[in-house]
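Engineer: Next come the chains, spelled out residue by residue.
Protein chains: 2
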Amino acid sequence: MSCVSGVLHDDPLAARVVRVRLDFVAFLRLALGQLNPSVGDLAGNAAQVIEAARQASAIGADLLATPEMMLTGYPVEDLALRPSFRAASIAALAGVAAELETSGSGDLVVIVGYLDETAPDAAGHVRPLNAAAVLHHGTIVGRYAKHHLPNYGVFDEFRYFEPGTDSLVIRVRDVDVALAICEDIWQDGGPVARVAEHGAGLLLVINGSPYEQGKLDVRFDLIAQRSREAGCALAYVNMVGGQDELVFDGASLVVDSAGQLISSAAQFQPELFVTDLALPDAPTTRTLSGGVEVKVLEQRPFRPLSAVLPRIAPRLDDLEEVYSALVLALRDFIDKNNFPSVITGMSGGIDSSLVMALAVDALGAERVYGVSLPSRYSSQHSRDDAKELAERTGLHFRTVEIEPMVDAFVTHLGLTGLAEENVQARVRGTTLMAISNAEGHLVLANGNKSELATGYSTIYGDAVGGYAPIKDVPKTLVWELARWRNAQAEARGETPPIPPTSIAKAPSAELRPGQLDSDSLPDYAELDSVLDGYVDHDHGAIRLVADGMPSDLVDRVLPLVDRAEFKRRQYPPGTKISSRAFGRDRRLPITNRWREPLAPQQSAENQID
Amino acid sequence: MSCVSGVLHDDPLAARVVRVRLDFVAFLRLALGQLNPSVGDLAGNAAQVIEAARQASAIGADLLATPEMMLTGYPVEDLALRPSFRAASIAALAGVAAELETSGSGDLVVIVGYLDETAPDAAGHVRPLNAAAVLHHGTIVGRYAKHHLPNYGVFDEFRYFEPGTDSLVIRVRDVDVALAICEDIWQDGGPVARVAEHGAGLLLVINGSPYEQGKLDVRFDLIAQRSREAGCALAYVNMVGGQDELVFDGASLVVDSAGQLISSAAQFQPELFVTDLALPDAPTTRTLSGGVEVKVLEQRPFRPLSAVLPRIAPRLDDLEEVYSALVLALRDFIDKNNFPSVITGMSGGIDSSLVMALAVDALGAERVYGVSLPSRYSSQHSRDDAKELAERTGLHFRTVEIEPMVDAFVTHLGLTGLAEENVQARVRGTTLMAISNAEGHLVLANGNKSELATGYSTIYGDAVGGYAPIKDVPKTLVWELARWRNAQAEARGETPPIPPTSIAKAPSAELRPGQLDSDSLPDYAELDSVLDGYVDHDHGAIRLVADGMPSDLVDRVLPLVDRAEFKRRQYPPGTKISSRAFGRDRRLPITNRWREPLAPQQSAENQID
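Each protein sequence line maps, in turn, to chains A and B.
Take 713 as the starting number for the first sequence in the numbering used here and just add one per residue.
Take 713 as the starting number for the second sequence in the numbering used here and just add one per residue.
Isolated chain A, as found in the complex:
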């Protein structure tokens, strides 16, 4: 339960560190505030920090760490570039420091992530900093700026921040604690290398690390590796909550210097979690071996407390993890944007059924409104399944026949074919928006990733909405999640929310008689396999075929994806769960004549002379 346990492991680095220090052990009660800030809500976020500090103080913690950019929320995007917002963040930090002292938590050392800025350069220009402050007894006793700035995937931190260059080590209860922020431990070198050199007792990393499938394992392996490299215990506190397309999963944890898990917090839930650590105590000088100045913080004398037993939160299984991510992201989008309720069209199909189940789990049935919007092409089972889902979940349900409006368009404009099909979807979209305008609900769009990829949706029709909960969920995963949710209900002795017929039936948009998705699209299992390669892994056609996908399938799917870019640009935001979500994660031009060739075009025979 500390670096001392490192001697049990045969990792040579950990063993070495422990051996030289085994006689000198300090005790530290560490609180990690796995909190859920809102972007821009400086007062609300500050209040969360102060409340966490009050609780941490009450339980006798010596040190509280909160997530990256806790005070501002994260990511703040171009708000970082606005001088007024930076000034407010800096002022709010000072306010938190003062209030911690006056509210009786001043003796606790508190690490707060916030937005700072550099001193003016010769031309008077300042640059934003992604920073952490150390607050103690009413003052800011130290600051650290993130060294490594992620600039890939959804991240644009070279746009926003000046990288930091200085290390920060604070001495708390005789333990030297080195600070780092998120990406600092994802890149080789930098703070971790310095910590190893300096011989700190604890590496404390504050994070805003968004969820994606499979990332928890990657993250844990990395943390374990860095703790061994640093030769000390590592505490990792992550943000929790939804912010537009991102959802932060929490899952904060502490490992010892051998990378062994000591304690961990829940996924997708706010939690103040406390770990008692026995750590190597610090050298007696104010300077570590690597020359870094140590800020020594004097606290009230140590008083014995009964030990906190380390807790390791149970890990969610893969489907529960995705489902929980979708629920939390949806809830936070609705609540942080102050919407009272949501509404969507219920077709009886699997996509709208899953969205409604998610919405009920996120908000409670009383805040969820479903509308059945049948046309002449809607089957009886569609009407019945929509109604049944409403009955199973208890959400508000109504039926609005769209024939009168569709007839008006078809007759007055003389529509046929695709124009007639699409007008049905657009009448549904307009109807939902009209109800939204009248009653104040946010409209949810029900499209999944497979549809979004191939453009199998009607822009301004089924694509209307303020949020799209399953836009990053491939169709095959939609079915899996629906089955999982029903099975979970059954296991709990509850009514499964989704009608089994909605899961079992063949998907159809029902915009013309007898229409099936399979008329226009390949089998979803095959489609999703191609999309995973092309969209999520940037594999070109030649590679996909080499990987065993049928060339006619590849040749059919890829142009659909390329041509649907314009629709995706106007699609509502939705929760990222994959390694490459549509949106900021995948940036392609609309005007784009590149079409993946199935065979190499021309060999590069010419070489540099």
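Quick caveat, the hints were computed from the structure, so don't treat them as lab data.
Remember, predicted model here, so these are calculated numbers, not experimental data.
Don't be surprised by glycine CBs; every beta carbon is placed ideally from N, CA and C.
A hint or two may mislead.
Here are the computed distance ranges between Cβ atoms for each label pair [stated by the list, open to error]: (1) A:Arg766 - B:Arg1275: 47 to 53 Å; (2) B:Pro1225 - A:Arg766: 54 to 60 Å; (3) A:Ala755 - B:Pro1262: 24 to 30 Å; (4) A:Pro832 - B:Pro1016: 55 to 61 Å; (5) A:Asp833 - B:Pro1262: 29 to 35 Å; (6) B:Asp1231 - A:Arg1110: 49 to 55 Å; (7) A:Gly1205 - B:Val838: 54 to 60 Å; (8) B:Ala1218 - A:Glu763: 48 to 54 Å; (9) A:Ala755 - B:Thr1213: 48 to 54 Å; (10) A:Ala905 - B:Pro1262: 51 to 57 Å; (11) A:Ala755 - B:Glu1032: 46 to 52 Å; (12) A:Asp1231 - B:Arg1275: 47 to 53 Å; (13) A:Thr1128 - B:Gly926: 46 to 52 Å; (14) B:Ala755 - A:Asp1231: 50 to 56 Å.
Add chain B to chain A, keeping to what the hints say.
Structural biologist: Frame of chain A; chain B shown alone:
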């Protein structure tokens, strides 16, 4: 007309360079290919390079330079990350080299911008390069990778490219020509500093520099400064054409070592432009003074040719410049995406009138379709003005009464108030999309920047469209452009396209009886002034008030802008003309509780100890 003219100026650096070399003059015929590539169209872009080379050879040019990323188009965004696309770019470059030789242009030295990649690192990873190749006699004789990567505004080049580190100097007709790419001359140091050290005869810069208002002056001042710093002539070739939200303005030019303009190409038009230069000839060794290896290219013996007179293209005035940018961007979006025609709703108001005038100028009246979509609240002058604009321009015109569809919604859903207002706009949007589905036109959205900023539009209503030509044009500039276009027509003895009453009348959305924009929004001149400060310059409320704007106005406008972010995310793309366009240029969260305070919140009394 060369470095020699530098002695006429009293710039000490230029004078020094010229003095030491005055006896040694070489003559170079330089062709700059101000071309218009399409992103992803490797074959088409290659054909443009080959045709430009054919013309340049025919006129006896020694050296042809084409824009940044000419072969792939620019910006390619995440296509840079796709191995198949990089391989195709590299193969296409080899193909161009070979074809130049076989088509008889092999003796011409050709500089081509393209997408390359680094050699694999130890882990086998490669990174994309924004590169320029030197092609000569069928082979790639040199490569240069951009050193400075822009990562602000609309640019994300740290995401895409590995920065280059090596200089490249080629010797053509005894002139040492140093290469640079775009941002390389916008940052201090780097290639320009090395060129000065090396003593090259010409600094050749290939560019993909997008237009914005006022940028031409900034760009020219920079080029003049860099030529003086480098101590040699500077040739600047820029791309021309539209690519999604960006429009490249061309305006390529050559300056002497004192920064004096020698020749310049037109704005917003493709042009192969040729300049005869008398330049300091090169030292006899293959190495420049700074130690950079020089690639010496042997060409056919010099043959005397009658001199090309340098041409300085007339500069467009401010309004003609913006108008030309909007026309070119619209034309290229439509043509590069293979749309036969465009359609939009014509309200008789100034926004749709300007959009139609732009569309007719971009595509010709035969490719432009206008639809008057009157409701019961539409005034007679609206109907008349729409019809008159159609008559003045010759575009295809029809009227579709929206009452039957609106009635169906209002009656069937029982709509009143805002829901009833918005349903009119959405019926119009659905009608335009239905005609688009039936006839194949791309729908244009007519919103201006002032509306987009304040959210004064109906999502899925007037906001529908595949392109939004004036989305970055503030309302006050909409009027100016309309007046300018009419005056231009009058000066040419043509019929002004826009009915004067459309310019003169008070703006109204006509969604309820007697409605005026001024019921909901401040005076547009005041509004645009606040928006310029807040949106284009990131000035917070305190600064805006300090700059003299009324605090009640600031307090009214800023929350409108903040709250409309969700609408902007789903708005169609449109041409960037300002220093901060909505879109990739300004990235703000939707979930954002930050509201600009009118007074400082709290002073930062606490300091670092």
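Engineer: Determine whether the Cβ-Cβ distance between Asp1231 (chain A) and Arg1275 (chain B) falls within the hinted range of 47 to 53 Å.
Structural biologist: 42 Å, violated
Engineer: Given a hint of 54 to 60 Å, does the C-beta separation of Gly1205 (chain A) and Val838 (chain B) actually sit inside it?
Structural biologist: 55 Å, holds
Engineer: Take the C-beta atom of Ala755 (chain A) and the C-beta atom of Pro1262 (chain B), compute their distance, and say whether it sits inside 24 to 30 Å.
Structural biologist: Taking Cβ atoms as reference, Ala755 (chain A) and Pro1262 (chain B) lie about 26 Å apart, which means the hint holds.
Engineer: Assuming the hint says 29 to 35 Å, is it satisfied by the Cβ distance from Asp833 (chain A) to Pro1262 (chain B) or not?
Structural biologist: 34 Å, holds
Engineer: Within 47 to 53 Å: is that where the Cβ-Cβ distance between Arg766 (chain A) and Arg1275 (chain B) falls?
Structural biologist: With Cβ atoms ~34 Å apart, the hint is violated.
Engineer: For the hint 46 to 52 Å, verify it against the beta carbon of Ala755 (chain A) and that of Glu1032 (chain B).
Structural biologist: 50 Å, holds
Engineer: Using the C-beta atoms of Ala905 (chain A) and Pro1262 (chain B), is the stated range 51 to 57 Å upheld?
Structural biologist: 55 Å, holds
Engineer: I want to verify a distance hint. Is the separation of the beta carbons of Asp1231 (chain B) and Arg1110 (chain A) within 49 to 55 Å?
Structural biologist: This hint is violated: roughly 33 Å between Cβ atoms.
Engineer: Given the range 54 to 60 Å, decide if the beta-carbon distance of Pro1225 (chain B) to Arg766 (chain A) lies inside it.
Structural biologist: Holds, at about 57 Å.
Engineer: Cβ-Cβ distance between Ala755 (chain B) and Asp1231 (chain A): within 50 to 56 Å?
Structural biologist: 34 Å, violated
Engineer: May I ask you to test the hint 48 to 54 Å on the CB atoms belonging to Ala1218 (chain B) and Glu763 (chain A)?
Structural biologist: 53 Å, holds
Engineer: Just tell me: holds or violated, for the beta carbon distance of Thr1128 (chain A) and Gly926 (chain B) against 46 to 52 Å?
Structural biologist: 50 Å, holds
When held up to the earlier numbered hints, the structure conflicts with 1, 6, 12 and 14 and fits the remainder.
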